[in-house]
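Chemist: Sequence:
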Amino acid sequence: EGSKEIYFAVIATSITLAVVFLPIIFLQGFTGRLFREFGIVVAGAVLISAFVSLTLTPVLNVYLSKKTHSHSWFYIKTEPFFTGMENGYRRLLNTFMRVRYMAWVIMAACFAIIFFLGKTLKSELAPLEDKSGFRLAVSAPEGTSYDAMDKYMDKLTNFFIDSLPEKRYVTSMTAPGFISGGANSGFIRIALVEPSERKKSQQEIVAWVNKNMPRFNDGRAFAIQEQTIQVNRRSGQPVQFVIQNTDNEKLKQALPRMLQAVNNSKILQNADADLKFNKPELRISIDRMKASELGVSVQNISQVLQMALSNQQMGYFTKDGKQYSVIGQVERINRDDPNDLKKLYVTNSKGQSISLNNLVTIAEDVTPPTLFHFNRYRSATLSAGLEDGMTVGDGIKEIQAIADTVLDESFHTSLAGASRDYAESSGNTYFAFFLALVLIFLVLAAQFESFVDPFTIMFTVPLALAGAVISLSIFGQTLNIFSQIGMIMLIGLVTKNGILIVEFANQKQLQGIKKFQAVKEAAVARFRPILMTSLAMSLGALPLALSLGDAATSRIPLGIVIVGGVMFSLVLTLF
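Using my numbering, the letters of the sequence shown correspond one by one to residues 701 to 1275.
If you are wondering where the hints come from, they were derived from the structure by calculation, not from laboratory data.
Ideal Cβ positions, reconstructed from N, Cα and C, are used throughout, including at glycine.
Keep in mind that the hints are not guaranteed to be accurate.
[What the hints assert, rightly or not] Distance ranges between label pairs, derived from CB positions:
(1) Arg915 with Gly882: 39 to 49 angstroms
(2) Tyr775 with Leu747: 28 to 38 angstroms
(3) Leu1142 with Asn964: 45 to 55 angstroms
(4) Leu754 with Lys819: 21 to 31 angstroms
(5) Thr946 with Gln1023: 50 to 60 angstroms
(6) Leu1142 with Val893: 45 to 55 angstroms
(7) Asp1088 with Tyr801: 42 to 52 angstroms
(8) Trp804 with Ala1236: 29 to 39 angstroms
(9) Val893 with Phe1175: 20 to 30 angstroms
[To be verified] Dumping the calculated EDC-like pairs for lysine to aspartate or glutamate here, alpha-carbon to alpha-carbon at most 20 angstroms:
(10) Lys819 with Glu1124
(11) Lys1097 with Glu1124
(12) Lys900 with Glu866
(13) Lys900 with Asp974
(14) Lys822 with Asp1094
Hey, can you work out the whole structure from these sequences and the hints?
Modeler: Here is the structure:
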């Protein structure tokens, strides 16, 4: 008889919870790859649990329960407490039923909390984990020699060895081949001791490093922390913004203004761009008319420059049985100054030596070492770090606002790196959330053979979301991919309360009881099951919210959303 009474409720709640994970399973992009197995496991476990609860559990209850009508001492001790709780709930419910309009007030308040308080939550892809390590991106002005760059790297390395007690080891590389850049680039990797062995967090150490880097003015260095979720192998600054234009000159003019505005921001820091107009270049213009009059061809001039500066191998000679290369290049002392080019001579058609100073004009200029394209447009990617307490969402809003002010309509913009991952994940999870709502409504409508009952049950969702938003705000957590997945889970978890009450109320109405009385009896009858299941779900998620275990930072929002949403919804759903 008990199985018959709860059969429909078990089927409805189980299918509802399983359906929630269908959108997660079929999500595209890295969000789908990240949570696909999670969704399959939970949905499968719920369906198997429903089968067991309707088949094996009743059989085991018959064979394992004691064949006695007396109650245990534990029941005798605790039953008065639960009976008093039920009686108190019945009195409160009767009082609330007399002011039923308050339900609409509470519902409106929950929607207001979701909208207004939700807008104040900071957003990011995932909370930053303490991975006991970070790296420094180091660069020097274009044209810096390898020797000068190596000395600069040694200064930085020695500083960390001497001044950073939390270090485990420091690795540095000058002009590494696995990152873009030439002899003027470097890479430093700093591994820290475990969090339990140091007083400062990784974020505090990185902030201290960035604060001290301006002391070393031979170049530019800033610390970069690895993102918790890294889609691409190459890690970079959390905020990456691409500006595109068909006109390279416009890019050249707009880039300094963008960098200046970003550096002046109170949200972003350590701004940099991959497109740099800082590569020294000499432009040699040949006076062709004068060269022709003096019997000098353009080929003669180019050959002289090639032999003087190219470090080209001209041939070999043998001495004492050994072969040596013949290298064509003047000594360094005679090629350090651009004006040294004017001291070179070229032989004309008559065999006379003519100074290049009479034939060429030399102009100094700067050009970008590399040209970049994005979606077939010429582009420049701006990268920036975040000030303490700021998130990727704050950084994207700030840099987009700067771009709207600085750039004209001829520019196109896009996100890259971690910023692009954040934007894609947000869009995917919002789509999954609304799809889960639609699927659950359709499933409930099919089960109840009504559109009214599912609509009533779905009102539990905003109650839970309001609780989740309040919990995130109280505990200072962000709206990220884990908290968003938690909110999707809440849809299935909290509709269970509504299903239990509505389904039992329908049974009472079929027995001839009036709707008003049937609802009150159903709510009181389902009080204990709702209380037990909600507490079980909350206690199950409590270890996540309490950040127990290593690398638990990213799981905290998931636990807080489930505990806060379920408990807040529990209190309000009962009324």
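Chemist: Does each hint fit the structure? Answer for all of them.
Modeler: Right, here's what the structure says about each hint:
Distance hint check for Arg915 and Gly882: the Cβ-Cβ separation is about 25 angstroms, which falls outside the suggested range of 39 to 49 angstroms. For Tyr775 and Leu747, the Cβ-Cβ distance of about 32 angstroms falls inside the hinted range of 28 to 38 angstroms, so the restraint holds. A beta carbon spacing of about 52 angstroms between Leu1142 and Asn964 agrees with the range 45 to 55 angstroms that was offered as a hint. Between Leu754 and Lys819 the beta carbon distance is about 44 angstroms. The supplied range of 21 to 31 angstroms is therefore violated.
Evaluation of the 50 to 60 angstroms hint for Thr946 and Gln1023 yields a pass: the beta carbon distance comes to about 53 angstroms. In this structure, Leu1142 and Val893 meet the distance hint of 45 to 55 angstroms, their C-beta atoms being roughly 54 angstroms apart. For the hinted restraint 42 to 52 angstroms between Asp1088 and Tyr801, the CB-CB distance of approximately 47 angstroms keeps it satisfied. About 31 angstroms separates the C-beta atoms of Trp804 and Ala1236, a value consistent with the hinted range of 29 to 39 angstroms.
Checked against the hint of 20 to 30 angstroms, the pair Val893 and Phe1175 passes, with Cβ atoms roughly 28 angstroms apart. Using a Cα cut-off of 20 angstroms, the hinted pair Lys819 and Glu1124 holds, with the two alpha carbons roughly 19 angstroms apart. Our distance criterion of 20 angstroms between C-alpha atoms is met by Lys1097 and Glu1124, whose separation comes to about 15 angstroms. For a cut-off of 20 angstroms, the pair hint linking Lys900 to Glu866 stands: about 8 angstroms separates their Cα positions.
Between Lys900 and Asp974 the alpha-carbon distance is near 32 angstroms, which puts this suggested pair outside the 20 angstroms criterion. For the hint pairing Lys822 with Asp1094, the CA-to-CA distance comes to about 7 angstroms; that is within 20 angstroms, so the pair holds.
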